[in-house]
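Chains as they are written, first to last, in our numbering: chain A, 43 to 101; chain B, -14 to 421; chain C, -14 to 421.
By construction, these hints were calculated from the structure, which means they are not laboratory data.
Errors might be hidden in some of the hints.
[What the hints assert, rightly or not] Covered by chain B, per the in silico footprint, the following chain C stretches (three or more residues, Cβ under 8 Å):
| no. | region |
| --- | --- |
| 1 | 284 to 295 |
| 2 | 333 to 340 |
[Claimed, not checked] Among the chain C residues that face chain B by a calculated CB cut under 7 Å, a handful are:
| no. | residue |
| --- | --- |
| 3 | Ile30 |
| 4 | Pro49 |
| 5 | Lys61 |
| 6 | Asn71 |
| 7 | Leu73 |
| 8 | Phe257 |
| 9 | Ile395 |
| 10 | His396 |
| 11 | Lys420 |
| 12 | Ile421 |
Glycine included, C-beta positions come from ideal geometry on N, C-alpha and C.
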Amino acid sequence: QVPLPEVSGHVLASPAVRRIARENGIDLSKVGGTGEGGRVTLDDLERYMKSPAPSPAPS
Amino acid sequence: MYDAIIIGSGPGGYAAAIRLGQRQKKVALIEKDKIGGECLNYGCIPSKALIELANSINYLREMPGVSLNYSIDMKKWQEWKWSMINRLTGGVETLCKGYGVDVIRGEAYIVDATHVKIGEKVIEGKNLVIATGSKPVRIKGIDDVMYNREVLDLDHIPESTAIIGGGYIGVEIGTALAKLGSKVTIIEMMPSILPGTDQELVRHVERRLSQLGVRVMTGKKVLNTQHGDKIRVNMEGGEYVEAEKVLMTVGRVPNTEGFGLENLKLEMDGRFIKTDAHKRTSVPNVYAIGDVSGQPMLAHKAYYDADIAADNICGMDSVVEYRAMPYVIYSDPEIAYTGSKSAKSTRFPVAANGRSLTMNESIGTFNIYYDEKGIVTGAGLAAPHASELISELSLAVESGLMAMDIGLTIHPHPTVSEGVKETAEEAYGKPLHFKI
Amino acid sequence: MYDAIIIGSGPGGYAAAIRLGQRQKKVALIEKDKIGGECLNYGCIPSKALIELANSINYLREMPGVSLNYSIDMKKWQEWKWSMINRLTGGVETLCKGYGVDVIRGEAYIVDATHVKIGEKVIEGKNLVIATGSKPVRIKGIDDVMYNREVLDLDHIPESTAIIGGGYIGVEIGTALAKLGSKVTIIEMMPSILPGTDQELVRHVERRLSQLGVRVMTGKKVLNTQHGDKIRVNMEGGEYVEAEKVLMTVGRVPNTEGFGLENLKLEMDGRFIKTDAHKRTSVPNVYAIGDVSGQPMLAHKAYYDADIAADNICGMDSVVEYRAMPYVIYSDPEIAYTGSKSAKSTRFPVAANGRSLTMNESIGTFNIYYDEKGIVTGAGLAAPHASELISELSLAVESGLMAMDIGLTIHPHPTVSEGVKETAEEAYGKPLHFKI
Ligand SMILES: Cc1cc2nc3c(=O)[nH]c(=O)nc-3n(C[C@H](O)[C@H](O)[C@H](O)COP(=O)(O)OP(=O)(O)OC[C@H]3O[C@@H](n4cnc5c(N)ncnc54)[C@H](O)[C@@H]3O)c2cc1C
Ligand SMILES: Cc1cc2nc3c(=O)[nH]c(=O)nc-3n(C[C@H](O)[C@H](O)[C@H](O)COP(=O)(O)OP(=O)(O)OC[C@H]3O[C@@H](n4cnc5c(N)ncnc54)[C@H](O)[C@@H]3O)c2cc1C
């Protein structure tokens, strides 16, 4: 069995938010998180999907 | 022409079949043995039923004031067990059929990526899902032994049992047999039982095993077995153990031979079939899921794989992407862990949890790992009902919650889950019932 | 001069004492009976120990293949129980003292908001915390009955027991006594047992009670009891029940009399002391927490109140602000609910959960409530280990998580918690093991 691996950095967001972002082709690291610790909430994602913040690199 | 042909109806295969059927895909699910695979018939399900029985007996035997006289007709119990399993596997088959899945009995033989033979019959599918699972490691010279199937089908509790291999299966079944009255010896090659599991959790199990009179021999390599009046297990260095029955649980290997897999010329990853994050193999439209596709060899990982493969077959771009894979060991106390370790951690003893004491349990620990921001990255529990408690922590890890989120959530009294709350409290304050 | 004087050392009082002590406040904790209050000595803790015992016995009795012969020396068991409780309450006292709390034995009498008398001694405090808890409702004419203290201290299992009041305490203890061999009748005035609890959950308990041979009489008002050979419980309309012992559990009333409370002229809320969101009473620097301060009369609510009061005494502006107050009933199956109902809900049967079947359990349901956005607002479970499962759902409610967050989190197999996951899945897709 595999022991607990060391943690690596990633965007903080719940599984549903991650899933919805992926389904909509949104890079979560571009969505500013307003939750604790910069967590991207469902509200953050919905706001971003309505009017994506001006981001430097269009995908 | 099927949308997908699935080989093997364990947790991986049947879940993939149901998931595809739910989305109107035409699926063939092929099984040569019993629907439900190793898990439902010879693994997870029967082992937990046996452990439940053993726990009740042992709880009463240890409880002051209770005088217990019991006998177990294991043949009758096995009938109950199989009727319970059949209810589950029957349910799975009904579900599959309810979603239009063709359940085909027989051994599958892979002709090529789109053709599979069952006996004389050849069927065609756009996608192929390999979910053939795993089988126990066997070693030449170690004969006359039981594997998981045989031990779970015992018609009596052996007077004595030697267990070769102190991994989770050996420890789970060894503990249960000991509680049911067998004199159990566990022989492990590594320096400790449950290798790979945090020793901080394992030591509680070791303590309990010793209370239960289980003899644990570590760092011992078994050479062979000899059949006499009893079975003799010979170890390197001349030591040996004799027992009425010997259980061999030194690991499991994926089922990759004897069914034409070689015709696909898949890339392998050691003995496992190599898959990418989509659960795709190196051959287009061929997927591999569950035990055959790599570690961890666990049923809920097989379910997860099935979801990913089914999504991709349906044209959704799903990838393996979890932050919290739970591991559960039904030892005494139960061990469960999830997520990953971090720089910071907190600890709370089971002995300070009221609910545990009402169960006459006081051995174990709750550990939570969190980062500098207080965000929970993982947890390790050795506690009563740890198997059920770990999901709150997985949810926290997956959702990026803070230890404070757990600590400020009201947990009902009296529950073991209060131990989780108090452990979380220590990350930003102080637990109520424990002073370091 | 103390920073705070606390009257009563139940979950409310002792938690407030520890919380204040942790922040270097000088505290006096006054208790006239036993440290730990009703909960640890005569309530939550002993009742769960009895239920655990009864469950094990009954599980084995119902398990095919097992022949059980047992006897319980309840006097010896009570010794174990009290040693277990003393370990807990001793731990609480040690913790209090470790944080510098003065634990004072004796009956407190309130002189004014800053002075409390214990016997001849008068102590002074800047703040006063009233945590005097509650006691059972007694009714004139209904005599010769046991209340929670007596029933939990029984020195034998009564051949027959009549229980007046089918609230959670009556149902919990009635179920346990029935499993331990007593002929139990539960008499409830309302149209159903467990009034106030979702009937969708209660009906599973009713079904199980009937399997266990418990007679449930609803809509029956008890008039009085008569002592003969047995005790006779007379109901309106001429019906009666006879039993060796009668347990009275028709509710609890706050302890507000006989200790000078009237000297404070506090505003009341019915029989409870009225408090604001800071757990402050109408008199400055006087707090009330736990059962004496209002519904729900639960230990974890008392703990929560204690946190709020302690924060405010320390100058932090904390208010009662939870979204998920869990309720747990240790019935069979266990009932647990949290949060609030919503327009949308999903349902999954216990009979489709593998882990439950391995325990020989198949009665019950998992229900999750969520809003239009898919955010979980509450849950109701009637399932094995529901008491431990509910906290994952409370965490979701408190953290504003979606049902999909629970559904996408890997839950280990085989666990009852998989039922929670599958229930959540239904909110946005389909559960794996159940088809509507
Ligand atoms: C004793 C024991 C206890 C366990 N306890 C747990 C536990 O508590 N929790 C947990 O998560 N995991 C547990 N496991 C592991 C778990 O059983 C496996 O991880 C799980 O079964 C893997 O599922 P799978 O679908 O990959 O394969 P399997 O369940 O192995 O199913 C594979 C199926 O494929 C069929 N098959 C193979 N080749 C062919 C072919 N050519 N044609 C047709 N059919 C074929 C087999 O007959 C089998 O039914 C336990 C295992 C054992 C042995
Ligand atoms: C049988 C039973 C089972 C229960 N099970 C559960 C359960 O599973 N979960 C749950 O959450 N709740 C349960 N409860 C309810 C729980 O016990 C109460 O909610 C909890 O005890 C309330 O805590 P408290 O601190 O407010 O008061 P209490 O625990 O009632 O403590 C009050 C203390 O104050 C002392 N006191 C009173 N007046 C004075 C005075 N003048 N001077 C000095 N001392 C004084 C009393 O002696 C007592 O020790 C149960 C109750 C019963 C009866």
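Exercise for the section: Taking the numbered hints from earlier one at a time, note which ones the structure violates and give those numbers from smallest to largest. Expected result: 6, 8, 12
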